[in-house]
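Here are the chains, one letter per residue:
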Amino acid sequence: MKTELPADLRARVLSAAQASPAPARAAVQRGTLVTLLVGVAALLVVFIAGGADLKTRPPAFVAMTAGGWALIAAAATWAGAARGGKMLGRSAPILVVATLVIGPSFMAWMFLGTTMWPGTLGYDAPLRAHLVCLAFVCAMAIGPFFALAVIRRASDPVHPRATGAALGAIAGAWAGVMGDLHCPVSEAMHVGIGHVLPVVLFAIVGALVGRRVLGI
Amino acid sequence: MDAALPIWSVIGCAPSPQVRVFHGRSAGVEEGDGGRETARVDGAMERYAAGDESAFAELYDLLAPRLFGYLMRQTRERARAEDLLQQTLLQMHAARGRFIPGAQVTPWAFAIARRLMIDGLRRGKREVLRAEGEGGEGSEPVADAPAADDLVQAQQLAGRIQKELARLPENQRVAFELIKQEGLSVAQAAQVLGTTVTAVKLRAHRAYEALRGILGDT
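Chains as they are written, first to last, in this note's numbering: chain A, 388 to 603; chain B, 2 to 219.
Quick caveat, the hints were computed from the structure, so don't treat them as lab data.
Keep in mind that a hint or two might mislead.
With a straight-line Cα cutoff of 20 Å, these simulated DMTMM-like cross-link-like pairs (lysine to aspartate or glutamate) come out [stated by the list, open to error]:
no., chain 1, residue 1, chain 2, residue 2
1, A, LYS473, B, GLU78
2, A, LYS473, A, GLU574
3, B, LYS164, B, GLU78
4, A, LYS473, B, GLU171
5, B, LYS202, B, ASP151
6, A, LYS442, A, ASP511
7, A, LYS473, B, ASP43
8, B, LYS164, B, ASP120
Among the chain B residues that face chain A by a calculated CB cut under 8 Å, a handful are [unchecked claim]:
no., residue
9, SER55
10, ALA56
11, ALA96
12, GLY98
13, ARG99
14, GLY125
15, GLN154
16, GLN156
17, GLN157
18, GLY160
19, ASN172
20, THR196
All C-beta atoms in this analysis are idealised placements derived from N, C-alpha and C, irrespective of residue type, glycine included.
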């Protein structure tokens, strides 16, 4: 089997590249920064519109739950969104773990918090309150999710669905952190549906659109 | 057939120096010419990402022969392989601004080529058939000008191995091919396949054992 390169292919490839210039790293980094800022701003706009509730709960409890969730979200962002110095990103098992671990970690951390501050429990929120929080947290997650998808678009030739799921879960996680600052209800059912379910929903959306948006 | 003979010498491919996973060397360690070439590829991509337009030609010169060989072995169709090579390099060109300083280029390039090839197959635009019964086509002449009988025997054996390779589960076959035929390290193959080093080692080892069993019977 002859595998010599055709003589004219080099010229064809180089001229095709010349015909469609691609931005170098500096320009891409500027674009990435702007996109990230837009995503974070979109989250903050929704959060400010909804308002924070920091007075009806002990400040230490709020600091513990929201702070803990922020650490979990940051760890997931490191594991799922950063590429670990490789163009192909982290392996699928790591992405899957980063995606799956957020929800249970959030619930466990909240359970720990409510165990330490039992007074934060007792308000049995109606279903409507669960759904309002669900919609609010989902609205906050949209901006970061779009930003992450734009930044990583057409970049994953190996496991775009897993990457998409991880990015979705990360966006949902940061929205969940802000949702915890917004909502004073700490009851497990409410936290599960209103604050943590968006992590799952956005992970599913990310997995569904991952191939088309993030794949090469 | 001497079972100790490396399989790649029979199937007619020349692995790079880092291909030593089953012979007591650590995974991902590159040395000698292979390591130097990898460094040159990475350096060219780094310069291209930083804005040096001329580095793309160098990148082509360093990567295209390997990628083309891989694509030819996979598709066995020259026009298709050329098309995929062009697409692969243009994808790398389009993504140059996102190249991470210090990242490895080779597994990235192979992963893009592989993805484009799989997508092409899935779209059904072209039927790519693995050669069956074309024993000698994938093999290069055995070193040291062997006798005609030996050559025929080696070609027959290579054909049989190719057939057996095609029969292996896809994940084992691909892992084996990336390491043994394309000369990627285990770590690089793991990146291309999006899995762990351990998983790739296991898959390639199983493929190797299956093929060794066949050689042992010969």
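Structure-based check of each hint:
1. Of the supplied pair hints, the one linking LYS473/A and GLU78/B is violated, its CA atoms being roughly 31 Å apart against a limit of 20 Å.
2. Between LYS473/A and GLU574/A, the direct Cα distance comes to roughly 41 Å. Violation of the 20 Å bound is thereby established for this hinted pair.
3. For the given pair, LYS164/B sits about 18 Å from GLU78/B by alpha-carbon distance, which is consistent with the 20 Å threshold.
4. A hinted pair counts as satisfied when its Cα atoms are at most 20 Å apart, and LYS473/A with GLU171/B does not qualify at roughly 25 Å.
5. Taking the CA atoms of LYS202/B and ASP151/B, the gap is near 32 Å; set against the 20 Å cutoff, the hint is violated.
6. Between the alpha carbons of LYS442/A and ASP511/A the distance comes to roughly 19 Å, so the proposed pair stays at or under 20 Å and holds.
7. With a C-alpha separation of about 12 Å, the suggested pairing of LYS473/A with ASP43/B holds against the 20 Å cut-off.
8. For the hint linking LYS164/B to ASP120/B, the alpha-carbon distance of about 24 Å lies beyond 20 Å, and the restraint is violated.
9. Annotation: interface hint on SER55/B violated; nearest CB of chain A at approximately 10 Å, more than 8 Å.
10. Proximity of ALA56/B to chain A is violated relative to the hint, the smallest CB-CB distance being about 11 Å (cut-off 8 Å).
11. For ALA96/B, the suggested interface contact is upheld, since its CB lies about 6 Å from the closest CB of chain A, less than 8 Å.
12. Annotation: interface hint on GLY98/B holds; nearest CB of chain A at approximately 3 Å, less than 8 Å.
13. About 6 Å separates the beta-carbon of ARG99/B from the nearest beta-carbon of chain A, less than 8 Å, and the hint is met.
14. Given hint, GLY125/B at the interface with chain A, is violated; its Cβ is 17 Å from that chain's nearest Cβ, farther than 8 Å.
15. The beta carbon of GLN154/B is not positioned within 8 Å of any beta carbon in chain A (closest approach about 19 Å), and the interface hint is therefore violated.
16. Interface restraint check for GLN156/B: the shortest CB-CB distance to chain A comes to about 12 Å, outside 8 Å, so the restraint is violated.
17. Given hint, GLN157/B at the interface with chain A, is violated; its Cβ is 16 Å from that chain's nearest Cβ, farther than 8 Å.
18. A least Cβ separation of about 12 Å between GLY160/B and chain A goes past the 8 Å threshold, and the interface hint is therefore violated.
19. Among the interface hints, the one on ASN172/B is violated; its C-beta lies about 12 Å from the nearest C-beta in chain A, farther than the 8 Å criterion.
20. The interface hint given for THR196/B is met, as the beta carbon of that residue sits about 6 Å from the closest beta carbon of chain A, less than 8 Å.
Hints 1, 2, 4, 5, 8, 9, 10, 14, 15, 16, 17, 18 and 19 from the earlier list are contradicted by this structure; the remaining hints agree with it.
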